[in-house]
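S.K.: Below, each chain spelled out in residue letters.
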Amino acid sequence: MRKFIAGLVMGTALITTPLAAQADTPKNALVMAFAIDDMITLDPAQMFEFTGLEYAGNTYDRLIGYDNDDVSKIYGVIAESWDVSEDGKTFTFKVRDGIKFASGNDLTAEDAAFSLQRVVLLDGSPAFILGQFGLTPDNVKEKIYATDASTLVMELDKPYAPSFVLYCLTAGIGSVVDKKEVLAHEVDGDLGADWMKTNYAGSGPFALNKWTAGQSLSLTANENYWDGVPEMKRVIIRNVKEAASQQLLLEKGDIDIARNLEADQLASIKGDDDIKIMSKGKGALWYLGLSQKNEYLSNPKVREALKYLVDYKGISETILAGRSQIHQAFLPEGFLGAYNENPYDLNIEKAKSLLAEAGLADGFSVTMDTRNTTSIMAMAQSIQATWAQVGINLEIIPGDGKQTLTKYRARQHDIYIGRWSPDYQDPQTNASTFAWNPDNSDDATAKPLTWRNSWNPGPLTDEVDQAILERDGDKRAEMYVDLQKKVLEDGPFVIMFQETEIASMRKNVNNLVLAPSFDNNSYRFVTKD
Amino acid sequence: MSAVTRKNRDGRTRARLSSGKAGSLLRLVFSLAITFFGLLLVTFLIGRVLPIDPVLAAVGDRAPQAVYDRVREEMGLNLPLWQQFFIYISNILQGDFGRSVLTSNPVLEDIKRVFPATLELATIATIIGVILGIPAGVFAAINKGKWPDHVVRVIGLAGYSMPIFWLGLMGLLVFYMKLDWVAGPGRLDAFYVDFIEPTTGLMLVDTLIEGDMDLFWNAVSHIILPASILAYFSLAYIARMTRSFMLEQLSQEYILTARVKGISEHRIIWRHALGNVMVPLVTVIALSYANLLEGSVLTEIIFAWPGLGLYITNSLLNADMNAVLGGTVVVGAVFISVNMLSDVLYRFLDPRARR
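These protein sequences, in sequence, are chains S and D.
Heads up, the first sequence is in this note's numbering, so the first residue is 1 and it goes up one at a time.
Heads up, the second sequence is in this note's numbering, so the first residue is 1001 and it goes up one at a time.
Residues from chain S that face chain D, not an exhaustive set, calculated with beta carbons under 7 angstroms:
id	residue
1	Ser125
2	Lys197
3	Lys210
4	Ala213
5	Arg238
6	Val240
7	Lys241
8	Glu242
9	Ser245
10	Leu248
11	Leu249
12	Lys402
13	Thr406
14	Thr445
15	Lys447
Just so you know, the hints here were simulated from the structure itself, not pulled from any lab data.
C-beta atoms are modelled at their ideal positions from N, C-alpha and C, and glycine is treated no differently.
Chain D extracted, bound-state conformation (with noise of 0.2 angstroms):
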């Protein structure tokens, strides 16, 4: 997703030069509307090009010649592929992604149901990962070379290099299995899966609607443990942030001036030092929460938490192609927005760009 971030973020430049200007919105529009162009051909060919026959997810493979003939005319396989690609697109232009082959459900209706699952995750894990590794990413730079620094140094690499299925599997077998501390794989206890009716599809927020405190504490027992691992990863990454641009803010002259002034430390550090830090940092947050909201594939096998990541990989291994490109929209969609709101807070952090 490397590509997509790269050229949203483009995107985002683009729009802010121009901002204030007339056409500026418009522009907006089309450079959007070229991105998801793009994102779509892309994604189309490359599931095309796939050595997967789409048919047989349809049909399976013990169909009759005559069934999987008609089929592959009813999907459309047998028209050249630019006319499938208008196809597609003139039908999304409508609102209509498709039909996904192996839920047999709208694959808007699909998305509607797995992206709050991942929603959900990525955003306690986004928490967590801000209210732990910024005052990390802090306490280091001010330790700068002394132990906290290196442990909080080894703990962000540590994090960045442990393979997550080996994570998840060993935090289950630690806090579920021994400990009893968190509920185990899954969204609720198996035996309450249908005692909730999605409203937002939030787990947390759907329970405390129906105000049933038992159901919510068992939905918070069952997030905790993937959404700590998921915030292992990207509380290494904002620590290790955090910490160069604390340094970088810490040997300016104003806070020697501020130090010479007789202000507190706590105060230099917090105030003044981290304030200006906030602003790149809330870049930095922004995208390690977009990567998140991908959907971490790993992550949802081990914990079974039917989200995002797992359902555009399951299309995707099975060549569901209007599940794969309905997914793929959708997380395009997540990295715009999720730049765009974070260029909304860079002008309101920074006074600078206000003006």
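Isolated chain S, as found in the complex (with noise of 0.2 angstroms):
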């Protein structure tokens, strides 16, 4: 009996031992971990999600581009150069002659019309970065048109802000499309719809080669890019949902980048010399909602007092670490018209005195819905310790994701932690959410954070909508501004921090590129020694 355990014991060690066969990955090959289990759709005109965004940005063209270090620099990527009429409402892109699709076929301005009137047309979640010029799906095929192989034309109902009309189409849905291709696809009249979802039909640095949703998407490099063929032939995105995993990926060099590893991770890799740290201020902010339907949160006093009342130093030094700075205005900084002063500090006496002020001396108890990670959940606990000095009792409900966001939607918070990223790299995007609410009752048609927090924003609607037909850049930067200070000195906000992405990789790995939105995050340049 001993001998057969024995040998059993042998037996296993003598299998395992000769597997234990390694290499480097490819040198022509970048290979990522990266939870990308959000990705539902590969659709460019249909999707919303940071790494569909970010496999767009890296397997399509858009017309328009943006400078990733100066937002504020934009130029044409399909368009060559554009002209914006004398009323303001045409805009007339030139198309870059030379370009083909991954398929071989030419790119016109037949198909950049195609995609946008596509976006439009299929109606989907983003189709409202071009609904906001006056674009339906009934008059879009009049409105935006091509004249001919290299002239695309724009009508929009307003003379907007150009910059307004540029930025939204550096966003995924200004991506180009193969008309020929996806039209190919179609099954009744579906514009292709049902076939994007899992396919491709682009002009980008890199073409899909598989997508295996929740497991798994591998690109090849284009090899009729018209901008560069870029070096490393294949991209191996693997889904990995635990950061301790991709660690251990990491450190042992079976992947070349990790995209995903939190606090703990970071500290423990610190000391690696194999390993490199990136980073890149991200557009997404981190904020405290607060609920006007609250008897006490609706009073001005204690939204002052609240602001006073985030260790905004301790929370962003230690629980995340790294991966944020204090940020307390609407805007995210690189933004045109961002507000980058931070007036509120952690200040309990300040704080006292204004509760004070609103009767509230003794405090008062109040809830707050929080997402069960662990950061969101380091953070409401940090708050929950601050406000007990001044005598708020803080109630942490803690949720799943899904679970707090539906309860936040449906108007049934007290005090909601959050995240907002924007939607596209417009001043307008955080401006029609952080302050204008046409209609704040119920059954609004429209539901901004605003509305979600049962807030009236007054003048500051009118003042929003003013701001995107500000066809002078200064004069609209400075508008932005001064809507900011407006909703940091009395709005139902707290906002705490921008987000700053962070990529892990091997030290061998060069020019990844991170940028302010997913959408531009960039692997063409990438190299490795």
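Quick one: dock chain against chain with the hints and give me the complex.
M.R.: Rendered as structure tokens:
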């Protein structure tokens, strides 16, 4: 018997030992661990997830791009140049010559027009970005058209600020799809929607090889690419949800880049000479939404007091260690008109006197719906401890992400600790959610964050509407600064941090591009030593 | 899932009692249908009362209200609950489990993709658990009260009480990072991901079909650690049960008779006693196998193993109810068929049941 067990142990050891065949990843392939299970479609006309947009940014070309280090610089990608008519309502784009899709088809203004029309016609989640310009499924075919192979025309209902229009076209919806290829897969007039969910028809630096939902995504270099074929011939992204597993894979050299390491892992790889870290400020903001239905939170003095009751520095340095910077205005740094002053500090005395003025010197009780992830719970607990010092009894209600969000969207919360990220690179995206609320009734058609928190911003709604029509860039920026100051002062939002994205990679990986938004994170320049 | 287990086991007992009679098949089909109907009804209701908005999974947080309303209607969520359930059931009867919102694939296609991953893992784990667990149990029984018995019991207890999350990470740290004996998370090295076209979906089988031995060994090196960790749990259970079954058998009179007749101790233990223990043991093994086939979410997360457990959990957290219901039906079917299979084995092993 003993011999039998010993034999088994030996046998197992023998089987496992020769399996240790390990090699680094190949020189011309990039292997990445990334939590990509939120990816639900590959169609740039329908997608709205960070991971999906990053995919689209690497596989499709857009009409317009912006400089990652200076967002105010806008340049043409597919569009070589553009003109705005006298009345400001017609944009004419000249489409670059000689671009081919990965399929081999030529890219023309006709494809660009079709792509934009398709976004509006399919009317998916991101369609409203174009809808803002008065484009509807009924009129879009008359409003967006190609006059010849290299001229694209877009007619708008009002003379919007050119920067507003152009920034919107830098978003995922500006991706140009291969009309011939897409229509070849059309079923019952669906504009290829079903096929495009899992397939590819683009002209970008990489082409889709294969997507297995919840599992992996792989790309191959597009040998037809007009602006320099990437050195990485394959990009393989594997869905690894667990940060600790990502860390092990990276340390072992089985992957080149780990995308979702958290504070714990980042601290423990610090001493590893084979690994380097890259970071970039992103547009996402962490904030507390204070429901104005709550009798305490609707008191302006209380709102102001709460803004003094967050340990901004402590949370940023410990809980979010390296993954955020303090930011209190609703436009993230890097946006046109961003207001980068942070007027609020942790100040218990000040808060106490404000609460006393509100007649709440003894504090009050309130709840906060909190996503049960490690860092969000930790933030909530820090806030809870701070508030306890002034007698505010904060009850944390933990829940799954979709669960807390459902409650928030139904206006059933007191306080919601949330993360908001811009939909596109123009200030309007955040202004229209933090400072604009045309209808505060329960059955409103537009439900921005102001609505979710039952806040009527009064005259600010009009000011937001004015700002998108201001054609002078400097004046427009000033309008947003003014809006941000007003929301900072009186709004029901305690905006705390702006997110920083961190990618951890092997030392031999160079030139990964991290951008202000996921759309522009790019692998095309990556090389490996 | 314990409720399901109990229900299925009842179904099995009933089926066995009436076996051989004319209506037995009909009764079996009927009891299966009732079981599945109940399973679906309960899962459906739970899904609908969850405080999660299923439309969110489909359109995301940032869709404008008009899109939200349209999709809500498309998903049939504005209909009364009973009507939604009725539509769902009638679709299923036509073999249509609907589409998953998250993956935008038909649910059946998703399950065809994720289930083999779990099946492969559970099967290997069960094989390891049986190969090591039964001898360990026998060994403990014949050394009852002596140190080998204590060792087996402590190991078993540890296997039962250590959190699998911790065990998985430690396993990776030791055997993957430090010792380099096995490969890391995933079913294959990331670089090989697209080299294999799924035929059966079982990586070990598919690589052999394609005749690529490098990939086969790569797959083996990936599965061995998660399978061993899962096996540890079933091993603990199997060893414990084997031990107590064996003790019971060894105190029987026929063992005494055999010893008096001078049959070798080896033969008495491995042939006579174990032979009788195999009968109840089959049920134990079948149960632990069926449990593993549900998919172990934590193991799947740590080892980036795209299996059924992860799929169902992820779908549930997003209120992707078609996927959850589809997955539940599969789990139910697995339980029932494993139970039926153990029934067949039972009859094969126990001559009395054959009559």
